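Student: So you can see what is in the structure, the chains are spelled out below.
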Amino acid sequence: MPEHLTIQERDDIALASVMARKSMSAAKIGTALGMSLLDRPAACGSGAVTFIGTGPGTWLAFHDGTAPDFAADLTHRLAGLASVSDQSSGYVVLRLAGEGARKLLQRGAAIDFHSASFSSGSVATTVIAHIGVVIRQVDDGPTYDLATFRSFAGSLREWIDHAAAALAF
Amino acid sequence: MSRLSAGGLIDRQRPLSFTFDGKAYSGFEGDTLASALVANDVRLVGRSFKYHRARGILTAGSEEPNALVTLRTGAHAEPNTRATTVSLFDGLEASSQNRWPSLRYDLLAVNQLASPIFVAGFYYKTFMWPAKFWEKVYEPLIRRAAGLGKLSMLPDPSEYDREHAFCDLLVIGGGAAGLAAALTAGRAGLRVMLADEDARPGGRLLSERQEIDSMSAVQWVAQVLAELASLPNVRVLSRTGVFGVYDDEYVAVERVSDHLVAPLPGQPRQRLWKIVSRRAILATGAIERPLVFGGNDLPGVMTASAVSTYVNRYAAVPGQRAVVFTASDSGWSTARDLAAAGASVVLVDHREDEPALAAELRTRGVEILSGAIVTDVHGVPVRKVDVRLADGSRRTLRADLVAMGGGWNPAIGLGSNMGAKPVWSESQQTFLLDETPPGLVPAGAAAGRFSLAQALVDGAAKGTDAVADATGRAVPPPSFRAADEAASTAPLWHVPGARTKCFVDFQNDVTASDVQLAAREGFVSIEHMKRYTTLGMATDQGKTSQLNGHALLAAATDRTIGAAGTIMSRAPYQPVAIGVLAGHHREESFRPVRRTASHDWAAEQGATFVDAGQWKRAQWFSRPGEASWLETVNREVTMTRRGVGICDVSTLGKIDVHGPDAALLLDRLYINMFSTLAVGKARYGVMLREDGIVMDDGTTTRFAEDSFFVTTTTVNAARVMQHIDYARQVLWPELDVQATSVTEQWATYAVAGPRSREMLQAAFPDLDVSNDALPFMGAAKFRWQGFEARIYRLSFSGELAYEVSVPATLGDKLVRHLFAAGRSYDAVPYGTEALGVMRIEKGHAAGNELNGQTTAADLGMGRMMSKKKDFIGRAMAARRGLADPSRPALVGLRPVDRTRHLRGGGHLLAPGAAPLPQNDEGFVTSAAWSPTLDHSIALGLLVNGAQRHGERIVIHDPVRGGDIQAEVCNPIFVDPEGVRVRA
Chain A
145 MPEHLTIQER
155 DDIALASVMA
165 RKSMSAAKIG
175 TALGMSLLDR
185 PAACGSGAVT
195 FIGTGPGTWL
205 AFHDGTAPDF
215 AADLTHRLAG
225 LASVSDQSSG
235 YVVLRLAGEG
245 ARKLLQRGAA
255 IDFHSASFSS
265 GSVATTVIAH
275 IGVVIRQVDD
285 GPTYDLATFR
295 SFAGSLREWI
305 DHAAAALAF
Chain B
-14 MSRLSAGGLI
-4 DRQRPLSFTF
6 DGKAYSGFEG
16 DTLASALVAN
26 DVRLVGRSFK
36 YHRARGILTA
46 GSEEPNALVT
56 LRTGAHAEPN
66 TRATTVSLFD
76 GLEASSQNRW
86 PSLRYDLLAV
96 NQLASPIFVA
106 GFYYKTFMWP
116 AKFWEKVYEP
126 LIRRAAGLGK
136 LSMLPDPSEY
146 DREHAFCDLL
156 VIGGGAAGLA
166 AALTAGRAGL
176 RVMLADEDAR
186 PGGRLLSERQ
196 EIDSMSAVQW
206 VAQVLAELAS
216 LPNVRVLSRT
226 GVFGVYDDEY
236 VAVERVSDHL
246 VAPLPGQPRQ
256 RLWKIVSRRA
266 ILATGAIERP
276 LVFGGNDLPG
286 VMTASAVSTY
296 VNRYAAVPGQ
306 RAVVFTASDS
316 GWSTARDLAA
326 AGASVVLVDH
336 REDEPALAAE
346 LRTRGVEILS
356 GAIVTDVHGV
366 PVRKVDVRLA
376 DGSRRTLRAD
386 LVAMGGGWNP
396 AIGLGSNMGA
406 KPVWSESQQT
416 FLLDETPPGL
426 VPAGAAAGRF
436 SLAQALVDGA
446 AKGTDAVADA
456 TGRAVPPPSF
466 RAADEAASTA
476 PLWHVPGART
486 KCFVDFQNDV
496 TASDVQLAAR
506 EGFVSIEHMK
516 RYTTLGMATD
526 QGKTSQLNGH
536 ALLAAATDRT
546 IGAAGTIMSR
556 APYQPVAIGV
566 LAGHHREESF
576 RPVRRTASHD
586 WAAEQGATFV
596 DAGQWKRAQW
606 FSRPGEASWL
616 ETVNREVTMT
626 RRGVGICDVS
636 TLGKIDVHGP
646 DAALLLDRLY
656 INMFSTLAVG
666 KARYGVMLRE
676 DGIVMDDGTT
686 TRFAEDSFFV
696 TTTTVNAARV
706 MQHIDYARQV
716 LWPELDVQAT
726 SVTEQWATYA
736 VAGPRSREML
746 QAAFPDLDVS
756 NDALPFMGAA
766 KFRWQGFEAR
776 IYRLSFSGEL
786 AYEVSVPATL
796 GDKLVRHLFA
806 AGRSYDAVPY
816 GTEALGVMRI
826 EKGHAAGNEL
836 NGQTTAADLG
846 MGRMMSKKKD
856 FIGRAMAARR
866 GLADPSRPAL
876 VGLRPVDRTR
886 HLRGGGHLLA
896 PGAAPLPQND
906 EGFVTSAAWS
916 PTLDHSIALG
926 LLVNGAQRHG
936 ERIVIHDPVR
946 GGDIQAEVCN
956 PIFVDPEGVR
966 VRA
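Chains as they are written, first to last, in the working numbering: chain A, 145 to 313; chain B, -14 to 968.
For reference, chain A alone in the conformation it holds in the complex:
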């Protein structure tokens, strides 16, 4: 019995990379955004906005729903606190759901996806099939968002097709 797996491209989102300016803490940036922000590989959010830690003082910000001015708004709100770049087109984000998603990611990435080590809110910046990816566990369904640079999406999809075909075995 193959495990349940659904894959859907999230094209209704806006993305931005956010880098703290010198000496600006996650706490200060979070305060400006009205949320608590963690400086580690974790997801934290408020409303439609989720920040996921991708490096020291660096986040990839997600906005649920298309928002052409998401990056511009963040730039404005974080003036003097952080540098912001629009990445809405920079990444393709795939939403993977079902127990099969965990298995698929485990076959792709050398990250421990066991619920004791990686659960809702966990984030990893790693490599699958020689392609850089950012993985975020959305809920304990489990559901994951898998972000990769747009130009690699075709090759990543080829790997997914290959690995998913073998998922039952």
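Keep in mind the hints are simulated off the structure, nothing from the lab.
Be careful, since some hints might not be right.
Cβ pair distances, simulated, as ranges [unchecked claim]: (1) B:V664 <-> A:A260: 46 to 56 Å; (2) A:K166 <-> B:T456: 42 to 52 Å; (3) A:G209 <-> B:K798: 19 to 29 Å; (4) B:N955 <-> A:G298: 36 to 46 Å; (5) A:P212 <-> B:T456: 49 to 59 Å; (6) B:A211 <-> A:G178: 27 to 37 Å; (7) B:E936 <-> A:K166: 51 to 61 Å; (8) B:G665 <-> A:P212: 15 to 25 Å.
With a straight-line Cα cutoff of 25 Å, these simulated DSS-like cross-link-like pairs (lysine-lysine) come out [stated by the list, open to error]: (9) B:K853 <-> B:K666; (10) B:K666 <-> B:K852; (11) B:K259 <-> A:K247; (12) B:K259 <-> A:K166; (13) B:K666 <-> B:K854; (14) B:K666 <-> B:K766.
Here are some, though not all, of the chain A residues that point toward chain B, as calculated from beta-carbon distances under 7 Å [to be verified]: (15) P212; (16) S233; (17) R239.
All values reported here derive from a predicted model rather than from experimental measurement.
Note that beta-carbon positions come from the ideal geometry of N, C-alpha and C, so glycine has one too.
For chain A, the structure is supplied; the task is to place chain B on it using the hints.
Tutor: What follows is chain B alone, placed relative to chain A:
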């Protein structure tokens, strides 16, 4: 048939048909190919590597050196497969190897007659001279004569998968010790993985007649496996062999569908596992040593443990008149197994003392010859056995099977993967692990604890240690009731008095005398002896032969075995198919491919793509009727220069550099100034490496006081990003500056040509692209389709030109929009080749000139180097050799005879100068046919180039023939005043 009517772990309700060398046989579910061959009385299964001696099945496990067959056919053929590890399936086809014309009549067996010259080191000795004969004559000759299986030479049709696992405890091997350890740790809640290479875990418990907790060992194994399966924190993988230990990880291959006639749809053949485990237990058991006597390699001679396995696990009796020759108590068990299966048995033990089993054997009718040795075996397969009795007299026995038990070598190869040398144990008479890789401990027979009771206790104890390590809790180890059976050995490294060849390494045809010869010739180190004799090489890596060989070398050099030492095993511990290491990454998936947003559009337009790093870029767009790529490229250039052309330049690297100190950082990265750049303007910049050589170039645009947009060449994008991060994180962490790659965010199209402005005005009616609003090197943001877009007045072609950027998700839409608007301007798509022609016509340096050897001055950009500030590479660029004005510098070249074609790579010589290295004055870096000028043009680097415009030079091209007279000129061939770009 030698199959017993009852017993064994085979399913007699499920018969399976198979062929070996085209002949049909049958076996049962549960058989290996080897056990089915034994059951069918097939005794001759292969020919040896060097002498082409007839060989039979020696063992029943993965250590098998002889029974190598080619499994399956055609593209699925798998040579050198050990018949002992192949699960039998219906329709299996196997064939023997290394024989011609057939296994029974091998003409190359004549090698045996010449065997005195086929001794150790013979390749080196015989074929030393003449050297040139080696490649042409000797090597092909040897390769035909010696060798094993052959590759199909067809592409591998199998699929391979990959998996990662993380656990608290990895148990390698599912025998008594491994099961005890896994059970202990699993019950305590640890995340446990147990990997067993066999189709059925259990190890020797499946091959011997033991009891644990008052049940048969086979029942006990089933009960333990059922309990492990019920624990969600435990994962048992059968058919999975751990083959290597690396820093912080173990690597294994799971043979997912090798036991099926064909994989199910989507089912991979094998899967590579990378396992990260806090602790690991090496419970790989032990491998029985052969004894070294005359004719010990003949078909019908097997290890005693293999005989027990065939009899007990597979109910296949390899012979009816058996001689068991042993140095170990375990051989006595084999004699009992054979007698119980109805064979007549003579037991020969070189030891004087009898173990307790002697009485039972006598009642079963086994003749026992203590203090005796087998000196020679005769017959193919075995017919008779020469025995020297305790009193020195000789006796010849009729036999069809010889079982030899030389004692046991712990299977510790994986333990020395990380560089630990095994140490000699005088008490156990074997090498054991002293040091191990971090977290790995041996248990059971792999730790020299050979009896069943000891193995169970040791496995449970090691499991308890793992629990304590992971949880800090002490748990009582489970106890198992099992016999502490006699398990002693008095090793007999070499049987004296043999009259025929005594083999040490069966797979490489290394005999006892080869080892002695190596010692006489000075190869006294274990490692030298290995390479000189080839002992321990090839697919079995000497698993059965190593220690016997090392003991012989020790004896020949008057050292103890411990002093002579042993070798360290390297990964892979077992043969591994290259395909499983590659996994998904082969053919088109060998490496990831990057596609631009307009890739599909370009494909629709008939683009031919070229690799630029990982990117696929459109090289040109052929139209029907065009005879050559050159005709296509000429058209693309001409239509662009006369009208308007559009090119996808999205692959250029793009980096946002933000922050209060962004301008300062860019001033330090580039040779020219960026702090003076006005907002809304772009500037071309060049950056150097620390050593003063040009690293990359590109344009940078300032969108705000603290916001710059940097572009790089396509191939250097990642390197420049690293360089910027290095500069801001390591060199100047005090600067407040941030950098982010935005290469993937933007799809960018160059729109070039005298009609580009008109066309863009039509495409974007609301955007002012007039010369006043958007002058040369100007930049502006605008909205398109509701999103931010950008337009830059930049030119690589030398024409009036723009670059339009939109978010990559809109890239496909934009390119279609541009061509829709461009229809009335006859807009043409152009590829990288036309791009290259136009940049050569304009004398722009690119990858061929930014070749890691040129300075800014070499490329005519010396005056760009600011004297008002410091920048990376400034100091080193001032070195005498780099600042030498006579260095080769960028020039243009055109053929004196305008019909001649210039080619890249030709060397530049003064007319009349001999083509010698000391007369070399430079070379052609880039060449192209200029459709604008209607003749060939080139860029080159020429000594004192800038001062030599107008001179004649010879382009010397010895590789492709023909010298061409050329004229040195300004590298800017088209519009040298730069009027067009400012139009």
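Student: Now, for every hint given, state plainly whether the structure supports it.
Tutor: Comparing the hints with the structure gives:
no.: 1; hint: B:V664 <-> A:A260: 46 to 56 Å; in the structure: 52 Å, holds
no.: 2; hint: A:K166 <-> B:T456: 42 to 52 Å; in the structure: 44 Å, holds
no.: 3; hint: A:G209 <-> B:K798: 19 to 29 Å; in the structure: 20 Å, holds
no.: 4; hint: B:N955 <-> A:G298: 36 to 46 Å; in the structure: 44 Å, holds
no.: 5; hint: A:P212 <-> B:T456: 49 to 59 Å; in the structure: 53 Å, holds
no.: 6; hint: B:A211 <-> A:G178: 27 to 37 Å; in the structure: 55 Å, violated
no.: 7; hint: B:E936 <-> A:K166: 51 to 61 Å; in the structure: 55 Å, holds
no.: 8; hint: B:G665 <-> A:P212: 15 to 25 Å; in the structure: 21 Å, holds
no.: 9; hint: B:K853 <-> B:K666; in the structure: 21 Å, holds
no.: 10; hint: B:K666 <-> B:K852; in the structure: 22 Å, holds
no.: 11; hint: B:K259 <-> A:K247; in the structure: 14 Å, holds
no.: 12; hint: B:K259 <-> A:K166; in the structure: 39 Å, violated
no.: 13; hint: B:K666 <-> B:K854; in the structure: 21 Å, holds
no.: 14; hint: B:K666 <-> B:K766; in the structure: 12 Å, holds
no.: 15; hint: P212; in the structure: 5 Å, holds
no.: 16; hint: S233; in the structure: 4 Å, holds
no.: 17; hint: R239; in the structure: 17 Å, violated
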